[in-house]
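Engineer: Chains as they are written, first to last, in the UniProt record's numbering: chain A, 1 to 260; chain B, 1 to 321.
Take these hints with a grain of salt, some might be off.
One side only, chain B facing chain A, incomplete, derived with CB under 10 Å [stated by the list, open to error]:
{"no.": "1", "residue": "N48"}
{"no.": "2", "residue": "R74"}
{"no.": "3", "residue": "G78"}
{"no.": "4", "residue": "I81"}
{"no.": "5", "residue": "L102"}
{"no.": "6", "residue": "W105"}
{"no.": "7", "residue": "P106"}
{"no.": "8", "residue": "A228"}
{"no.": "9", "residue": "F231"}
{"no.": "10", "residue": "M304"}
{"no.": "11", "residue": "R305"}
{"no.": "12", "residue": "L307"}
{"no.": "13", "residue": "I308"}
Calculated directly from the structure, the hints in this document are not laboratory data.
Just so you know, even glycine gets a beta-carbon here, dropped at the ideal spot from N, CA and C.
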Amino acid sequence: MTVNTRAATQASRSPWQIGIPLVWLLLLWLAVTGMAQLEGFFRLFEPDVRSVIYSRVDFSLLLGRHLFVVAIAALVTITLGLASGIAVTRKKGRDFLPLVSQLASMGQTFPPVAVLALAVPVLGFGTLPIIVALMLYGLLPIVRNTLTGLQEVDVGIKEAARAMGMTSGQILRQVELPMAAPVIMAGIRTSVTINIATAALGATVGASNLGDPIIAGIVNGNTAYVVQGALLIGLLALSVDSTFEQVQRRLKADESPRNK
Amino acid sequence: MIELSHVTKRFGDEMAVDDVSFKVAKGEFCALVGTSGCGKSTTLRMINRLLEHSEGEILLDGQPIRDFDAVQLRRRIGYVIQSTGLFPHWTVARNIGLVPRLLKWPSTKVHSRVEQLMHLLGLPVGEFAHKFPHQLSGGQAQRVGVARALAADPDILLMDEPFGALDPITREKLQEELRALQSRLHKTIVFVTHDIDEALQLANHLVVMRAGRVVQQGTPLELLHHPADKFVESMLGGVERGLKQAGLTRVADHMLPLSPTLPAQSRVPSSMSLRQALSVMLRDHTERLTVVDPHDMPVGELSMRKLIREPKADQGHDREH
Ligand SMILES: Nc1ncnc2c1ncn2[C@@H]1O[C@H](COP(=O)(O)OP(=O)(O)OP(=O)(O)O)[C@@H](O)[C@H]1O
Ligand SMILES: [Mg+2]
Numbered sequence: 001m002t003v004n005t006r007a008a009t010q011a012s013r014s015p016w017q018i019g020i021p022l023v024w025l026l027l028l029w030l031a032v033t034g035m036a037q038l039e040g041f042f043r044l045f046e047p048d049v050r051s052v053i054y055s056r057v058d059f060s061l062l063l064g065r066h067l068f069v070v071a072i073a074a075l076v077t078i079t080l081g082l083a084s085g086i087a088v089t090r091k092k093g094r095d096f097l098p099l100v101s102q103l104a105s106m107g108q109t110f111p112p113v114a115v116l117a118l119a120v121p122v123l124g125f126g127t128l129p130i131i132v133a134l135m136l137y138g139l140l141p142i143v144r145n146t147l148t149g150l151q152e153v154d155v156g157i158k159e160a161a162r163a164m165g166m167t168s169g170q171i172l173r174q175v176e177l178p179m180a181a182p183v184i185m186a187g188i189r190t191s192v193t194i195n196i197a198t199a200a201l202g203a204t205v206g207a208s209n210l211g212d213p214i215i216a217g218i219v220n221g222n223t224a225y226v227v228q229g230a231l232l233i234g235l236l237a238l239s240v241d242s243t244f245e246q247v248q249r250r251l252k253a254d255e256s257p258r259n260k
Numbered sequence: 001m002i003e004l005s006h007v008t009k010r011f012g013d014e015m016a017v018d019d020v021s022f023k024v025a026k027g028e029f030c031a032l033v034g035t036s037g038c039g040k041s042t043t044l045r046m047i048n049r050l051l052e053h054s055e056g057e058i059l060l061d062g063q064p065i066r067d068f069d070a071v072q073l074r075r076r077i078g079y080v081i082q083s084t085g086l087f088p089h090w091t092v093a094r095n096i097g098l099v100p101r102l103l104k105w106p107s108t109k110v111h112s113r114v115e116q117l118m119h120l121l122g123l124p125v126g127e128f129a130h131k132f133p134h135q136l137s138g139g140q141a142q143r144v145g146v147a148r149a150l151a152a153d154p155d156i157l158l159m160d161e162p163f164g165a166l167d168p169i170t171r172e173k174l175q176e177e178l179r180a181l182q183s184r185l186h187k188t189i190v191f192v193t194h195d196i197d198e199a200l201q202l203a204n205h206l207v208v209m210r211a212g213r214v215v216q217q218g219t220p221l222e223l224l225h226h227p228a229d230k231f232v233e234s235m236l237g238g239v240e241r242g243l244k245q246a247g248l249t250r251v252a253d254h255m256l257p258l259s260p261t262l263p264a265q266s267r268v269p270s271s272m273s274l275r276q277a278l279s280v281m282l283r284d285h286t287e288r289l290t291v292v293d294p295h296d297m298p299v300g301e302l303s304m305r306k307l308i309r310e311p312k313a314d315q316g317h318d319r320e321h
């Protein structure tokens, strides 16, 4: 969740590192398609129940729904987060800077469960309340990192850009955003990764996704189900997170480190 | 030609620049000097409209700068700052080509212009074109900054303490190069510095500022000879004013024909500044020096005794630029 990931990774790219996301994706695919093959393993958790492999809904379908919810939320949060982060760092929007940073941090102090509890009466059961909860929850890291990234751009560089005769749009697109990109990317990564885990809560309000086996497992006292849901969510989060990591590395290697 | 007349800049209630007037003729090198916070940078930044002036008039070739579109205006004016302001995510070549690209020059023309400028500033293309700013030394980065400012061949160059962050040797080297560059390119330059020696060496018009106002302006020698008040005098080095003055004239302007007596052992080139020659006298414990031409042939002599008998003031010759 830290804003500053700049100093952390030295951009050294070996084929081995690029392979990491592929390994996680492969494991995820194997788990989705071949969970039934692990029956013997899950039997260890629950020797006595009739079924140890969650089978009410196909895992691939649950994964698809899970991804759908996270993707919709990510699309909205990235658009909204970037837009508001950019808007309040412009001259015209500067008055709203404190307001926006406060709203964004409030979004995260609000527990997602509480958001769900409040959203259900208004939006009904299903996918919509969880998407709203994920949007609120995922907005903060993106807004905050967009703000930090843009504000960290050296004033001397911005002044030089203006003095050379760049328009404000050119400065934003050619100077500020490229320079802030690694920090913004870190925010997006945090937001999406958190939301992959948080989305499981959707199962409690009738949004079927990888949270289903977990909830079903808790309700029926079937630990094997819980483990299956958690395993899939974990592998999904690792796949997405390591993919983002590679993108971030690439951004940092392209845009060589700055020393000022 | 740049002309400021009765220009004022207020930040809230604070007068950062107060009724400032000066003219910089085409091809002239004007230095703004003064203590920290006296409004030098503010004055400079009003000229390319990074800041809008509150009152008065700023004219470029006779036309008020408010008549121009600010963005277009800035593309016609080179700007160099102490922190260089190079884009860290762009290579040296891309940084230098910025303004030509903004002006939509064809890419082949941008490319050849960038190479031309890198040559001009002593940056070998093969070695530097693809480096990033963080891979450069301070001096190299500042050269790139100057190249970027010159890229679209602007008539006017604004420089805000461009060499302020460099070590003395690099600074002197770049000053020398800027002087040489100026004698070839004849830009109209406004140069901010608080290094008085730098101002004296480079400028042919000096504007001394204090608390937002111009205290005195004129050629370096005029100011050295007739400082308006104690402040200007101390700006100009106080007691060391004599030496600074000597620094502005050359040995050739003071030498006498070779006397029939034995020539002095110590030799100095005629192009040396009088200040340096005096230093040689002190070092060698001699009051006479033999002046030699570039081929080391004696052409005259310099005598301390004769020097101090020269008529006082206004006799110096302003250094050619
Ligand atoms: N954007 C600004 N807003 C408010 N006040 C400013 C601004 N820019 C400059 N000032 C004030 O105007 C005065 C002149 O500043 P300026 O930067 O022109 O000084 P300077 O002569 O360049 O000093 P230095 O040699 O330290 O660079 C200072 O008192 C400064 O605090
Ligand atoms: Mg300044």
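Engineer: Against chain A, run the beta carbon of R305 of chain B and see if the smallest gap drops under 10 Å.
Structural biologist: Violated: closest Cβ of chain A sits about 53 Å from R305 of chain B, beyond 10 Å.
Engineer: So, as I understand it, the hint says P106 of chain B touches chain A; can you test that by seeing if any CB pair is closer than 10 Å?
Structural biologist: violated (18 Å)
Engineer: Return the status of the interface hint for N48 of chain B: holds when the least beta-carbon distance to chain A is below 10 Å, violated otherwise.
Structural biologist: holds (6 Å)
Engineer: Just to be careful: measuring from the Cβ of W105 of chain B to every Cβ in chain A, is the smallest value less than 10 Å?
Structural biologist: This hint is violated: W105 of chain B lies away from chain A, its Cβ roughly 13 Å from the closest one there, beyond 10 Å.
Engineer: Identify whether the interface hint at R74 of chain B stands, where standing means a beta carbon of chain A within less than 10 Å of its own.
Structural biologist: OK, holds: R74 of chain B within 10 Å of chain A, min 4 Å.
Engineer: Under the criterion of a CB-CB separation shorter than 10 Å, is I81 of chain B in contact with chain A as hinted?
Structural biologist: holds (6 Å)
Engineer: Is the hint on L102 of chain B kept, meaning its closest Cβ partner in chain A is under 10 Å away?
Structural biologist: The hint holds - L102 of chain B has a Cβ within 10 Å of chain A, the shortest such distance being about 6 Å.
Engineer: Taking the least C-beta to C-beta distance, is M304 of chain B closer than 10 Å to chain A?
Structural biologist: Hint on M304 of chain B: violated, closest Cβ of chain A at ~48 Å, above 10 Å.
Engineer: Hint validation: G78 of chain B versus chain A, beta carbon distance must be below 10 Å. Holds or violated?
Structural biologist: OK, holds: G78 of chain B within 10 Å of chain A, min 9 Å.
Engineer: Holds or violated: the hint that F231 of chain B contacts chain A, with Cβ atoms closer than 10 Å.
Structural biologist: violated (30 Å)
Engineer: Measuring from the C-beta of I308 of chain B to each C-beta in chain A, is the shortest one below 10 Å?
Structural biologist: violated (48 Å)
Engineer: With chain A as the partner, please determine if L307 of chain B meets the hint condition of a C-beta pair closer than 10 Å.
Structural biologist: violated (46 Å)
When each numbered hint is compared with the structure, violations occur for hints 6, 7, 8, 9, 10, 11, 12 and 13.
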